[in-house]
Structure formats: structure tokens, C-alpha cells
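Fit chain to chain and form the complex, with the hints in mind.
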Amino acid sequence: MTEYVPVLLFLLVAIGFAGGTIGLSSLIVPRRRNAVKNSSYECGVEPVGDALQRFTVKFYLVAVLFILFDIEAVFLYPWAVTFRRLGLYGLIEMALFIVILFVGYVYLLRKRALEWD
Amino acid sequence: MMPFTMPSLIAVDWWALGAVIALSVGAMLLLVLEFVPAPPASNRGAFVTLLALLAAAGSVLEVRDARRSLFDGMFLHDGFTVFFTVLFCVIGAVAVLQSWDYVKRTRINHGEYYALLLSSTLGMVLMAASNDLITIFLGLELMSLALYVLVGFRRTRLDSSEAAMKYFLLGAFASGFLLYGIALLYGATGTTNLAKVAMFLADSPMIGNPMLIVGGLLLLVGFGFKVAAVPFHMWTPDAYEGAPTTVTGYMSAGAKAAGFAALLRVLLVAFPPLMSEWRPILSWIAALTMTVGNVTALLQTNVKRMLAYSSIAHAGYLLVAVVAGGLDGGSAALFYLAVYSFMNLGAFGVLALLGRGAEERVTIKDLAGLGFRSPMLGLAMTVFMLSLGGVPPTSGFMGKVYLFSVAVKAGLIPLVIVGVLNSVVSVFYYLRVTVAMYMQEPGAEPVEIAWAPSAAIAVVITLALTLWWGVQAQDLLTTAQRSILGLL
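In order, the protein sequences belong to chains C and G.
Numbers 0 to 116, taken from numbering that gives the first Met the number 0, label the letters of the first sequence in order.
Numbers 0 to 487, taken from numbering that gives the first Met the number 0, label the letters of the second sequence in order.
Careful, some of the hints might be misleading.
[Said to hold, decoys possible] Keeping only pairs whose Cα atoms sit at most 30 Å apart, straight-line, the calculated DSSO-like set for lysine-lysine is:
(1) G/Lys364 x G/Lys103
(2) G/Lys165 x G/Lys103
(3) G/Lys165 x C/Lys57
(4) G/Lys165 x C/Lys110
(5) C/Lys57 x C/Lys110
(6) G/Lys103 x C/Lys57
(7) C/Lys110 x G/Lys103
(8) G/Lys165 x G/Lys364
Calculated directly from the structure, the hints in this document are not laboratory data.
If we strip away everything but chain G, and leave its shape as in the complex, we get (with noise of 0.2 Å):
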């Protein structure tokens, strides 16, 4: 029998916890807080939750610079953790802002609506924080079965429902065969903690041993199904369309950012000794994914079912990170993912301010003019269409001029060229969205733009963040690099 030495209390870094505290209690906090009366115009769920996040975020960054592990190394926080905690939490406080006015008006303005999401939030922290296959497994059913709920939160909309079902079945799934990898993982090297796991196969003679060939395949299905990879994307346009705006937006940018943390850490620390093995297959799923996305997304004309192809080809140009692995391939992932977040989130927020009341027009037709009728909107949504294709002077640009060159670096030349290629093709895409903004009449129903503070508020964050950060990306870069120093 192991040895059982008696945690302290004490020497807990309550810090370093803070952050999941912070989510849990203010999620809890939220379900209670709904049998308490409120006068009808309130958002308080809103409040808490911006309160709960600032708090998390806050917490984290207190001890930035600290290296701590918990609970018998299951939990560990280091610059990784402090990186995606931080990133989770401002990418929920902007789904908070572009959500306070959107669910009001379209009448799912629920106490659970916010609870649901801090609950995501802090599966995604505890995905990024894990270092053990359980907890990994933990953070993410707690992210997707908070996320299975917001999809269908709409319910009165069929289409919303059906998202959530196919979002449901298919991610169970998922997770089914994530548990299975973890378990021939554990069979084949008696251990779920992703260090020990290391530690087995830097010197053991069973790299060959089918067990672990499978279960380390089984694993990547389940993190290729959370990130949208090809051939484990299905789910991804239904659900992204069906899910109210404001949640694809949350989903789109937070889920797949999990996902990545997730697998960045597996990848990095547990299976260095098998790159020879996972380096060809995600060269693979990565050149597929660029492919399929950005082709399928050419003939969508709803803008949330295109933006759901883009934000697919999107985690394929991500892979080409992962696969180039170590420091560059790490923190150009990292800063890919900061920079996709923001400007995912401003188009889908840009998206979720059109319509009255409960309707939803977002195809491209609907998008016809509006750079005329309300030019600020207009000049966001453009600069975030350029953003995501790849143009200067924003922040998508300075991403994929980093990413590719550590690619080159790495020397994956194949894989660059098709990522170059399907830059340019993803491009056309984009720009027709502005194209019908500038260069096409409204039709006979203009859309109704449901302008709010606070949804302002959010596109001038994003916005900002888009612009700032192709301008200035510095910052943001040492800092990827630093986050992604302790993993190696």
C-alpha cells in the first residue's frame, strides 16, 4: 500500500486555487441566486459572473510567476496555466458583455444561462491546469456538458434543439473514446499522470507496444472531436448554428482553446518519445482539416454556418503548430489561440447585435449594406473578416506569419504550402462578407441592429485586441514563449 502523507491545509497556495474557486462559487453562487427575487430588468447573473471572472483572472495572475503543484500533482499551476486561465477569463467576460443585452432579447434570459458558463469556464481552466489524464477527462466533461446546455438553450427553436442533440450524441461519443485511450494508456504504462507517463517512456522498451499506439490514437480522436479537426468535425456547423450567437462565439473561441491546451500538454509533456508516431498522423489531420474547412466554407451563405468552417480550417492551421512542437511550435500555438479568440469573438458578436427580438438573420444577404447603415459595425466586422483571413495590418496576420515560419523553421514545407494556399482561399470567403457590407443594397427588410452598451463595449475590446495586437505583438509573443517554457 502507498504511502499516505496528509495534505496540509496550510501549505495549500490558495492563490493558485483561486482561480477555480472563484469559477465554482460564483457558479453555485448563480443557482442559488435564482430563487431570489429580482426586479425584471436586473442582470445580476450578468454582474456576478463578470465578478466571478475578474476575481479568477485576478487570482492567477497574483502568482504568475509561481510553480505549484496540488493534489499529488494532478493539478498543476505554472505559466501554461496562468496563460489559458487568464485567456478563459477575459474570453468569458467579453460572452458575458455581448450576452447581457442578446439574452434579454431573445428571451433566454435565464439564471442558468450564466451559471452554465461559469461552469464551462472552469472546465476549461481545469483542462489547461491538469497534469494527469483524469483531471483532463474531468475538465472536459464539465466544459462540454455545460456547453451540450447552452447549445440548446434556445429551446423553443427547433433548430436549436437539434444542434444540442447531434452537439450531445456526438460528443459523448467523444468522450467515450477519450475514456478508452486513458484507459489502454494506464494499461500500457501504469499511470495517468502525464510526467510519470514521460518518465515511463523515456526508458522503456514498450514505445512499440501496440496498447499504446491505440490508446494515444484513441486520445487524439477525442481532442481532434473538442477542437473540430477533420474527419471529427460533423458536429460543428449544426451546432455552431443552432447555439445562440453569443454561446457559438463563447464555444467557438474557448472550447477550441481548451481542447488545444489540453492536447499542447499531452503532446509536449507526456509523449515527446512518440513524436515519430503522432508528428505524421496530425501532419495528416492538419492538412485535411486547412483543406476541408476553407473548401466547405466557400459555398456556405449563412455567415455563422461559414464562420463555423472557418473556425474549422482554423484549428487546422493550429495543428501545423503542434506539430512542429517545442518552444516555437508551443508558444506560436498560444499566441494562434489568443489571437483567433478575439477575433472569433468580435464577428460572432458583431453577428448576435442582428435582428429584433428573438429573430436571427445571418446570412450573408441579410449583412447587405450595412457598412453604410452603421459604419462603425461595418469597419469592425471587416477588420475581423481580414483578421481571420490573414490580412496586415491586424492581429490574424501577425498569427499566421509566426505560425508559418516556426512551421518552416520545423521544416514542414508541405504543410506550410497548403496553409499558404488556403489563406488565399479563405480570403474570398471572408471578403464577401465585405463586399454585400459595402457594396450591395439592403434588401426590401433591412435587418434592425440592436445596439447595447455593453455588446459595444465587447466590440471595442475585440476590436481593439484585433488591431493592437498586429501592430504590437511583442508582448503577447514573449509572453506565449514564457508560458510555454515550463511544459518542456
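Isolated chain C, as found in the complex (with noise of 0.2 Å):
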């Protein structure tokens, strides 16, 4: 176990860090309350209506559709490394696995998943 000892000197940083800054700033802190300064956005923006309502289900997908390419990066980018070592085996590997997430993105585009309206 001794190898997680500087990941448990890190957590103790990091707590430490964070209680301390927010206890030491809480205690010097000039305390002046008034209407602007207790609104939602101190820069001055009007805060319309509240957080809880309903967003469009759109920004979801996108979210869904941002991980999904993300990830294709993510596999993209180590096989490029390699890609020497890899040869003719990862380059048709890697191909099929764009063209499955081709697929998707075909279907995707047909369906109009991508137009806002």
C-alpha cells in the first residue's frame, strides 16, 4: 500500500488547500450586503426567471453527439502514434471503426439531428 501514500498526501494538500482558502477568506473577508451585490450575476446582468426550467431536449443530444466525436479523437490520437508499429492491422482496425461511427453520423444526418429548428 506504501505506493498510495503521496496520493493520500495529495488529497490532504488538496482539502487543506481548499478548507483553508475558503476558511481564511471567510474570516477577513469586508462584509457589505446590498441589493446588487446579492443577485445572481454581480456583473450586472438581470438574472431572468430561475434555473429550474425545462431546456429543449436539443441541448442533450449535442451533448451526446460532442462525446460521441470526442471519443473518436481520443482513439485517433494514440493510433496515430503508433501507427508505424501498427502497420496494416490497426490501419483497417481504425477504419472500420470510422466507418461504424460513419454509419451513425449518416443516420444522424438523415434524421436531422443536426438542424437546430
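Here you go:
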């Protein structure tokens, strides 16, 4: 278990830093409350309604699609680095992977999932 | 750095991979086909799905006696894989036949339905064939994600969306538990490969390592959720009730079998050294699952919900076989899974025929008088109910006899007593359906029966298998025993 000691130390430092800064600033901070200070955006933007409202499901779709293509990039980078060693086998594997993703891409294009309205 | 040996494309056994290839190509083809215009009455999707399932089953059967380890030992083709691949393909094919007309009648006939069905079958196959915790997780997620969508497929209905939401949220939690368990096991043993985990545990003083125990327990939580074992069963009735009836049948058979396939492989391959740890835990879960499932099923008036609790109870019986372990317990579990899958599919297949259009009439009252109004359907439902209750001469009886005799041999007398008592209780609510069908007058608005040739074929197939294995169980039993041998 000795290899976990640095992790434990890191955890302690993190907790100490977070707790220390918050604790210290709550001790020495000047308190001047007024209406503007207490609003959500202190910089002057007027909040409209509250945060507990329904968001359109399109945001969810965009998030999912982002993750999908993000993962593709995550796989492409290590492959690009070891491309020479993997050779033809790696090329075919990667081509298959991209073809499968491409089928999904064509599907969502045709379903017009990328059009906002 | 580990030396990297280049896999050769020629050395890959394509037959052994055939099932995976057929299912994934089929699923992708269905997505693309969505955009090729077809006449409105065509059932192209169902047809392509059937072909893919047939090709998958045929391809593994072509090399059924071979034993191959592919992709660095992550994917194993052995008797166990063949057994489950064929089982999943037949379950899928029966589900397609049941859906053929059902999806048109209930107006959920989108191409995605069959694409998702194939994807989830692919996930199940991967779960059964995986020899590595990571690929098991991959298969499990593929199966579950497709099922979440299928459960919510009647998206204009509130109960369907609610079911999908509950199933998804709880399922995501369960996946999290499973993944954390895998992470801890990897931390404790330094590998995710099941065979290497077993080797590590065999000559290790770390048996009592808390990280190992906690990791194993979290793994049990994940699988317990998928097979609907108490106390991880809360999602089952809602998800089963809200899902389209054909999907309910498919997931009650397929997802449960896949969960047990993965559980069996993990316990029998990787964790025999920890047997003294997991056996008592699983025994308690089994006893609880049987009792809670059966007692709660007594109170249901909706037959779909009743069958959901009954499927929980059956997970309990299956866990008894898993606790028994070894060649006998393993083959009893495989035997019971095959038997259970088809009687359950059959029962849901009959339910899927009731109602006009998109309406769903599946309460006990709706079944009143069905035995006279449609003798064939009444007879089929009666056989399925008797089989689920474990009454001879049905396959459910043979399954229970073999399962409990194996458990007695393994010295699990208390569990067997609980199991037999539970079977007696269960006969009561199964017979309630039969009583309603034959001894009660239909109500003011008798339920309409939506006959279709394909659905009739599905009923006949499931009925035939249920009766055939009731009188001629030897073949299936031998196959089950041969299939489990490779794991031990």
C-alpha cells in the first residue's frame, strides 16, 4: 500500500488548500450586503426567471454527439502515434471503427438531428 | 513495455467471430435502410433482423466444437459461448416474430426498433463470450443502452417513458457500481482478464484483501441488477409494465440470460478461490429473491406486472443453481435459463396479442373467458403458466427438478426447502390466470385478439419447446453439461 501514500498526501493537501482558503477568506472578507451584491450575477446581468425550468432536449443531443466524436478523437490520437508499429492491421481496425461511426453520422444527418429548428 | 505481437488477419477464426460480425453488420444495415423508401406495409426491418440472427447462430454452430481465444484472450469462443449465442439468437428471432405485427398495430414500427433489438442481442453475445471484465462491461452497456430505448419505445405513452427513465437511471447506477468493482479488482489483482485473475488468486496470500472483497461485492451488485435479484429488483415491475409487451418478453428472457452468463463466467472462472466468501452472500440473495418475488406476485392484478415479479422469483431459483456451482450447478443454470426463456417469451407473446390497436389490456380481468373465445391461445397460456409454476409435464417442471436435485447434492438443503415452498406459492398466482381464462365470464367489453400469422408461429415455437423439453429433456441437458465443461 506504500505506493498510495503520495495519493493520500495529495488528497490532504487538496483538502487543506480548499478548506484553508475558504476558511481564511470567510474570516477576513469585508461584508457589505446590498441588493446588487446579492443578485445572481454580480457583474450586472439581470437574471431572467429562475434556473429550474425545462431545457430543450436538443442540448442533450448535442452533448451526446459531442462525447461520441470526442471519443473518436481520443482513439485516433494514440493510433496516429503508434501508426508505424500497428501497420496494416491497425489501419484496417481504424477504418472499421470510423466506418461504424460514419454509419451513425449518416443516420443522424438524415434524421436531421443536427438541425436546430 | 510489453512486447506487441502483430495479430494476423488470416489467423483470425472468422467463423468464431461470425456471430458478432453478422449482428453488428445487420444493426448498421438497418440504420442505413431507414432512408431507402419502402412500401408502407413492408416488413423489411424484421426480415433483415431474422436473417442476421440466423447467420449469427449458423456461424457459431459451424465451429461449435472449436475452442478459440481471440483478441488477446478478451473474447473466448467455447461451448459456453456457443450455447448462449444460439440461445440469444433464437430468443431474438422469437421476439422478432412476435413484434412483426405488434409494432405495426401499436404504431411503433420504426426501423430503429429492429436495429436496437440486434444491438442488444450483440451486447448479450459479447457478455457471454467475454473472458475479460472490460469486455463484459462493454457488452453489458451495449445491451442495456439498447434496452433503455426499447423500453421507452411507445414514447407517446407516459408509462413507457416513465419505465425507460427509471430503468435508465437505476441501470446507470448499477453500471457505475459494476465499473467501480472492476476498478477495485484491477487494483487488487493487476489484471482484468478472468483467467489471470484466477491464476493470481490461486497462489496469493491476498485472499482476505478488503479491496478484493469489496470489488467482488460491487460486481455482484452490478450483475444482481441486470438479473433482477432482490434487493436490486426495484426497477423490474415498472420497466416490464411500461415497455412494449414484445420488448418485455425479449428483455425478461435475453437480459436475464446474459446477466447470468456473465455472472457464471466470472464466478466459475475467476473466483473459485473465493467461494467461501461469495457462497453465503449469494445464498441469502437467492432465498430473498425467491421469497420477495413470489409473495409480491401474489398481490398483482396486472399480468405483465405479475410476470415481472415472477421473473424476479425465477432469478432466485437460478441463483440457487449458481450457488451450487461446479459442473452440476452450472449445467442446471444453463438448462433452466433455456427453459425459462421460452416459457416466459411465450407468456408475453400471448399477452402481446391482446388488445386492439395501441390499447393494452393485460389485467387478469381482461383474460376472463379467453379459454373459450380462443381455445388455442387459452391452451398455450395455460401451458406457459403451468410451466412457470413447475407442473409436469412441462419444461419448467424438468428445470426445477434438475435444479433442486443438484442443489440437494451440493448440500444446500435449506435453500431447496425455501425454493420448493416458493414454487408451491407461485402455482397459486399462475393458476389464477388459468382460472380467469376458463372459469370466468368475459366482461362487458371482451378483449379483442389481434391474430397474426407470425405471432402464431412464435406461439407455436415457444409452446413446442416448452412441451418438448418437458418430456424429452435429455438432449438439452447433455448440451448444457457439455457447454459448461469448458469453464471448469
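Hint by hint, here is what the structure shows:
With a C-alpha separation of about 26 Å, the suggested pair G/Lys364 and G/Lys103 falls inside the 30 Å cut-off, and the hint holds. Between G/Lys165 and G/Lys103 the CA atoms are separated by roughly 26 Å; this keeps the pair inside 30 Å, and the hint holds. For the proposed pair G/Lys165 and C/Lys57, the alpha carbon gap of about 21 Å is at most 30 Å, so the pair holds. Restraint check for G/Lys165 and C/Lys110: the C-alpha separation of about 26 Å stays at or below 30 Å, so the hint holds.
At roughly 13 Å between alpha-carbon atoms, C/Lys57 and C/Lys110 fall within 30 Å of each other, so this suggested pair holds. With a C-alpha separation of about 28 Å, the suggested pairing of G/Lys103 with C/Lys57 holds against the 30 Å cut-off. Taking the CA atoms of C/Lys110 and G/Lys103, the gap is about 21 Å. The hint holds against a cut of 30 Å. For the hint linking G/Lys165 to G/Lys364, the alpha-carbon distance of about 27 Å falls within 30 Å, and the restraint holds.
Checked against the numbered hints listed earlier, the structure breaks none of them; every hint is satisfied.
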